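2 protein chains.
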Amino acid sequence: MTPEEFRRRGHELVDLIADYRAGIAKLPVRPPVRPGDIRGRLPASPPAGPEPFDDLLRDVREIILPGVTQWQHPSFFGYFPANAELSSVLGDQLSSGLGVIGLAWQSGPALTELEEVVTDWLRQMLGLSPSWSGVIQDTASTSSLVALLCARERASGFAQGRGGLQGGSAPLAVYQSAQAHSSVEKAALLAGFGRENLRSVAVDASHAMDPAALAAAIAADRARGIVPAAIVATTGTTATTALDPVAAIAEIARREGVWLHVDAAMAGSAMILPECRWMWEGVEGADSIVVNAHKWLGAVFDCSAYFVRDPEHLVRVMSTNPSYLRSGVDGEVRNYRDWGIPLGRRFRALKLWFLIREQGVEGLAKRLRRDLENARWLESTVRGGAGEGWRVLAPVPLQTVCVRHEPPDLAGEALDAHTLGWVELINASGAAYLTPAKLDGRWMARVSIGGLRTERGDVAALWERMRTAVRGGVSP
Amino acid sequence: MTPEEFRRRGHELVDLIADYRAGIAKLPVRPPVRPGDIRGRLPASPPAGPEPFDDLLRDVREIILPGVTQWQHPSFFGYFPANAELSSVLGDQLSSGLGVIGLAWQSGPALTELEEVVTDWLRQMLGLSPSWSGVIQDTASTSSLVALLCARERASGFAQGRGGLQGGSAPLAVYQSAQAHSSVEKAALLAGFGRENLRSVAVDASHAMDPAALAAAIAADRARGIVPAAIVATTGTTATTALDPVAAIAEIARREGVWLHVDAAMAGSAMILPECRWMWEGVEGADSIVVNAHKWLGAVFDCSAYFVRDPEHLVRVMSTNPSYLRSGVDGEVRNYRDWGIPLGRRFRALKLWFLIREQGVEGLAKRLRRDLENARWLESTVRGGAGEGWRVLAPVPLQTVCVRHEPPDLAGEALDAHTLGWVELINASGAAYLTPAKLDGRWMARVSIGGLRTERGDVAALWERMRTAVRGGVSP
Numbered sequence: 010m011t012p013e014e015f016r017r018r019g020h021e022l023v024d025l026i027a028d029y030r031a032g033i034a035k036l037p038v039r040p041p042v043r044p045g046d047i048r049g050r051l052p053a054s055p056p057a058g059p060e061p062f063d064d065l066l067r068d069v070r071e072i073i074l075p076g077v078t079q080w081q082h083p084s085f086f087g088y089f090p091a092n093a094e095l096s097s098v099l100g101d102q103l104s105s106g107l108g109v110i111g112l113a114w115q116s117g118p119a120l121t122e123l124e125e126v127v128t129d130w131l132r133q134m135l136g137l138s139p140s141w142s143g144v145i146q147d148t149a150s151t152s153s154l155v156a157l158l159c160a161r162e163r164a165s166g167f168a169q170g171r172g173g174l175q176g177g178s179a180p181l182a183v184y185q186s187a188q189a190h191s192s193v194e195k196a197a198l199l200a201g202f203g204r205e206n207l208r209s210v211a212v213d214a215s216h217a218m219d220p221a222a223l224a225a226a227i228a229a230d231r232a233r234g235i236v237p238a239a240i241v242a243t244t245g246t247t248a249t250t251a252l253d254p255v256a257a258i259a260e261i262a263r264r265e266g267v268w269l270h271v272d273a274a275m276a277g278s279a280m281i282l283p284e285c286r287w288m289w290e291g292v293e294g295a296d297s298i299v300v301n302a303h304k305w306l307g308a309v310f311d312c313s314a315y316f317v318r319d320p321e322h323l324v325r326v327m328s329t330n331p332s333y334l335r336s337g338v339d340g341e342v343r344n345y346r347d348w349g350i351p352l353g354r355r356f357r358a359l360k361l362w363f364l365i366r367e368q369g370v371e372g373l374a375k376r377l378r379r380d381l382e383n384a385r386w387l388e389s390t391v392r393g394g395a396g397e398g399w400r401v402l403a404p405v406p407l408q409t410v411c412v413r414h415e416p417p418d419l420a421g422e423a424l425d426a427h428t429l430g431w432v433e434l435i436n437a438s439g440a441a442y443l444t445p446a447k448l449d450g451r452w453m454a455r456v457s458i459g460g461l462r463t464e465r466g467d468v469a470a471l472w473e474r475m476r477t478a479v480r481g482g483v484s485p
Numbered sequence: 010m011t012p013e014e015f016r017r018r019g020h021e022l023v024d025l026i027a028d029y030r031a032g033i034a035k036l037p038v039r040p041p042v043r044p045g046d047i048r049g050r051l052p053a054s055p056p057a058g059p060e061p062f063d064d065l066l067r068d069v070r071e072i073i074l075p076g077v078t079q080w081q082h083p084s085f086f087g088y089f090p091a092n093a094e095l096s097s098v099l100g101d102q103l104s105s106g107l108g109v110i111g112l113a114w115q116s117g118p119a120l121t122e123l124e125e126v127v128t129d130w131l132r133q134m135l136g137l138s139p140s141w142s143g144v145i146q147d148t149a150s151t152s153s154l155v156a157l158l159c160a161r162e163r164a165s166g167f168a169q170g171r172g173g174l175q176g177g178s179a180p181l182a183v184y185q186s187a188q189a190h191s192s193v194e195k196a197a198l199l200a201g202f203g204r205e206n207l208r209s210v211a212v213d214a215s216h217a218m219d220p221a222a223l224a225a226a227i228a229a230d231r232a233r234g235i236v237p238a239a240i241v242a243t244t245g246t247t248a249t250t251a252l253d254p255v256a257a258i259a260e261i262a263r264r265e266g267v268w269l270h271v272d273a274a275m276a277g278s279a280m281i282l283p284e285c286r287w288m289w290e291g292v293e294g295a296d297s298i299v300v301n302a303h304k305w306l307g308a309v310f311d312c313s314a315y316f317v318r319d320p321e322h323l324v325r326v327m328s329t330n331p332s333y334l335r336s337g338v339d340g341e342v343r344n345y346r347d348w349g350i351p352l353g354r355r356f357r358a359l360k361l362w363f364l365i366r367e368q369g370v371e372g373l374a375k376r377l378r379r380d381l382e383n384a385r386w387l388e389s390t391v392r393g394g395a396g397e398g399w400r401v402l403a404p405v406p407l408q409t410v411c412v413r414h415e416p417p418d419l420a421g422e423a424l425d426a427h428t429l430g431w432v433e434l435i436n437a438s439g440a441a442y443l444t445p446a447k448l449d450g451r452w453m454a455r456v457s458i459g460g461l462r463t464e465r466g467d468v469a470a471l472w473e474r475m476r477t478a479v480r481g482g483v484s485p
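Going down the list, the sequences are from chains A and B.
Residue numbers are given in the working numbering: position 441 of the first sequence equals residue 450, and the series is strictly consecutive.
Residue numbers are given in the working numbering: position 113 of the second sequence equals residue 122, and the series is strictly consecutive.
Careful: at least some of the hints might be erroneous.
One copy or any two copies: either way a pair holds, since identical chains are not told apart in the list.
Claimed, not checked - Cross-link-like lysine to any residue pairs, in silico, SDA-like; alpha carbons within 25 angstroms at most:
no., residue 1, residue 2
1, Lys375, Ser54
2, Lys447, Trp386
3, Lys447, Asp339
4, Lys375, Pro61
5, Lys447, Asn330
6, Lys447, Gly337
7, Lys447, Val342
8, Lys375, Thr390
9, Lys35, Arg50
10, Lys375, Glu290
11, Lys375, Ala53
12, Lys375, Gly58
13, Lys375, Pro12
Read the hints as simulated data drawn from the structure, not as lab findings.
Small disclaimer: the values here were computed from a predicted structure and weren't measured.
So that you can see chain A by itself, here it is in the shape it has in the complex (with noise of 0.2 angstroms):
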């Protein structure tokens, strides 16, 4: 394709995009497709030939644009909110328009000082000390990958130089709340921990890690000469947005010895916010944290923000240094490729400045301001239903909201399928989307707040939508 011909067509596709953000509210949020529909309206082979591309955007709009789930709709309230504000979109057009890859800082020097720039402004909007170096890796399922690696290494005396886990040494072990994400206990497994040395310490009434609980573990496992490598916190756990208490965990961390990982990959956007910042007190005697400015903060996936306090480890446990990549100034310039597990790099620091100076910091306060407030006014709401069978289960202190519908007459699976049932009404009515999610061995709605265009109406409608699903009906 040529430049004048992606002229013409990138002017085509920008304004697809616009037309489908601004009619985005009159979308189904989840499609109504079943396994197998699109695979089955596309071609099962290539073609030969080139393809006019009036028919790849007709195809993006006959066959893509109504089977994906829109993460953008304003009652998109599953999972966690993805903002891909359309500004960081810009962003990351940029990047793919440029097609440069950062393998080393002189395979792109704009590439690796703007992430050093853009991350160190992350780390100030956060409110951590300078002693934090930033770095950005894809998701926190691999940021959080990369902390234990760390810790491995930083536990075993950087036995990967040696006989790696398989050296005979006393084996280590890992430690996280009941209620952290799965992609901590994929992380230990994949870095050879083991199942058997992963700990899931238990959680008090807000769901959050027990530290007395935490402290028990580590001197059960020094009594049997297990040897204690890694503590992960989590700063808004997924199900219910819980607080482990990171002061103490990072006392228990400190004296022990122990690398700890604070995984704020959610909540950590809300730390933009000062008056949130007691939530993870005690977060500067963490060794790595993780914060996803992918998520609520609004910069397009992927753009998971990585921090680390001694970047030196990183690099020592993450490089190679062959010689095709070697240049005169690797001694002065930092190569990201040594903070994390892939060589190339996309040009990511792009989305998330474009985002930040588009916004400004006070812009992206004030959004989440909003969010909050919403979900305080939900909390509230849903509390003033208790009349109606309507419970709220965990503590609000973010943007996430755990409810369930309580009728008299309903209890253990009934109950389940009862919750099920009204949720999956709602998402299969298009008009608004949720997430059940498992607490305490119940199922119960989360409703996750936070979409760019989320307003108090539509925190509303799909309040009025929940009353009405309970009792088996549909809202238009």
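Model the placement of chain B on the given structure of chain A, informed by the hints.
This is chain B only, laid out in the frame that chain A set:
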């Protein structure tokens, strides 16, 4: 940013990218910047309020564009061709604009099913049998890590469900050639095998793995009670595009019951040409393959195609199943989160789909054949310069020509200084870009041909620049 502002600014940005690509040949390939230059021109702190978008675009023009290495320049001969075909850029632009996340089939049905379809298109294009299943990872570093993790779990009887690598079983070993990419070593260390359990098998005169040496290394390990877990064979090494004999290696892997991963990250694109498929003959005997569609083929980074023979095993190693990700269709669909490390996934299939449809398989094949011919032309031209001291150092099966200028009076470190000196003269001129590498302990120049806009004339101009540079001069 509203959809209407996005429309206006998006058009401006498309024009900026079109102009940039149209004028790229006039830019210096390597930007004349020093470490810290870009950082020094950016504010140290984020803006409190919103900034005008015009200021952003001004900074893109004045700071970012002059600060990137021009990978899309027709005289970029460094690293590898990372072609960002403009049709693929549009597909990626759409992915960003949609802002949909692949956590599970239901979080984006089209995202999942288009990835199934388009990776299967690529499988057919590469001449692979229908027994392979494809998924898009970010990079070959990650793909190879996934392969080694799967190999680790197969060899250990799925030890991650027990004590992981810490269970005290016999150590597992990994085998690569001495010319394998640095990402293989990195993956082996991150997967916990330990450096002492990573074997670098000797290569033959063409820098390809010696199967007899591999068999001997495996036998020696078995005799010591070490269990061979994985062999990584490379089709097209980074330094010289050497071709490990996959058929012979696959026979050893089969006999020994060892996982075989084929790293065809760079050269895999050439397998869309039937006349090149002898280069990985025997690949059907492998367990996993990586082909980076974001290299020579032209999909904008990141788009690493990973093919597996046994997706059930992959899913078993990678899956987690928290309640908040479950859905009623889980048994009927692919959940690609269980096919790799990250939970969240971009809609990456779009960029590959746009590329293949806009170009057609024949269009892609034609461009690759052009590049192969250009490489053969340069090889024979350099050989014709033997009288001036030029030497081709390795076979040229693909698009990389490894050369050295060897004046009769230079050897050892003086020859290295000469090589690095003339390459740096070219790179510093901005007219073209080469990355040197070490081969058998001495520096050489790699000419990696295959940019989208790199024609015979550009290669011929490079050759004249090389001849001038070894005399200490610079061609305009």
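Here is what the structure says about each hint:
Taking the closest pair of Cα atoms, lysine 375 and serine 54 come within 25 angstroms of each other only across two copies (19 angstroms); inside a single copy the shortest separation is 49 angstroms, beyond that limit. Proximity of lysine 447 to tryptophan 386 under the C-alpha cut-off of 25 angstroms is restricted to the intra-copy arrangement: shortest distance 23 angstroms within a copy versus 64 angstroms between copies. Taking the closest pair of Cα atoms, lysine 447 and aspartate 339 come within 25 angstroms of each other only across two copies (17 angstroms); inside a single copy the shortest separation is 49 angstroms, beyond that limit. With identical chains, the CA atoms of lysine 375 and proline 61 are at most 25 angstroms apart between copies only, with a shortest distance of 18 angstroms across copies and 45 angstroms within one.
For the identical chains of this complex, lysine 447 and asparagine 330 are inter-copy neighbours only, at 12 angstroms across copies versus 46 angstroms inside a copy, given an alpha-carbon limit of 25 angstroms. Taking the shortest Cα distances, lysine 447 and glycine 337 sit within 25 angstroms of each other only across copies (15 angstroms), while inside one copy they are farther apart (54 angstroms). With identical chains, the CA atoms of lysine 447 and valine 342 are at most 25 angstroms apart between copies only, with a shortest distance of 22 angstroms across copies and 47 angstroms within one. Taking CA atoms no more than 25 angstroms apart as the test, lysine 375 paired with threonine 390 passes inside one copy only; the shortest distance there is 22 angstroms, against 64 angstroms between copies.
In the homo-oligomer, the alpha carbons of lysine 35 and arginine 50 lie at most 25 angstroms apart inside one protomer (24 angstroms), although the nearest pairing across protomers, at 44 angstroms, exceeds that limit. In this homomeric assembly, lysine 375 and glutamate 290 come within 25 angstroms of each other (Cα to Cα) only inside a single copy, at 22 angstroms, whereas the closest approach across copies is 60 angstroms. Only between protomers do lysine 375 and alanine 53 lie at most 25 angstroms apart by alpha-carbon distance; the minimum there is 23 angstroms, versus 48 angstroms within a single protomer. When the C-alpha separation of lysine 375 and glycine 58 is checked against a cutoff of 25 angstroms, the pair qualifies only between copies, where the shortest distance is 11 angstroms, while the shortest distance within a copy is 51 angstroms.
For a Cα distance limit of 25 angstroms, the shortest separation of lysine 375 from proline 12 across copies, 20 angstroms, qualifies, whereas the shortest one inside one copy, 39 angstroms, does not.
When each numbered hint is compared with the structure, no violation occurs for any of them.
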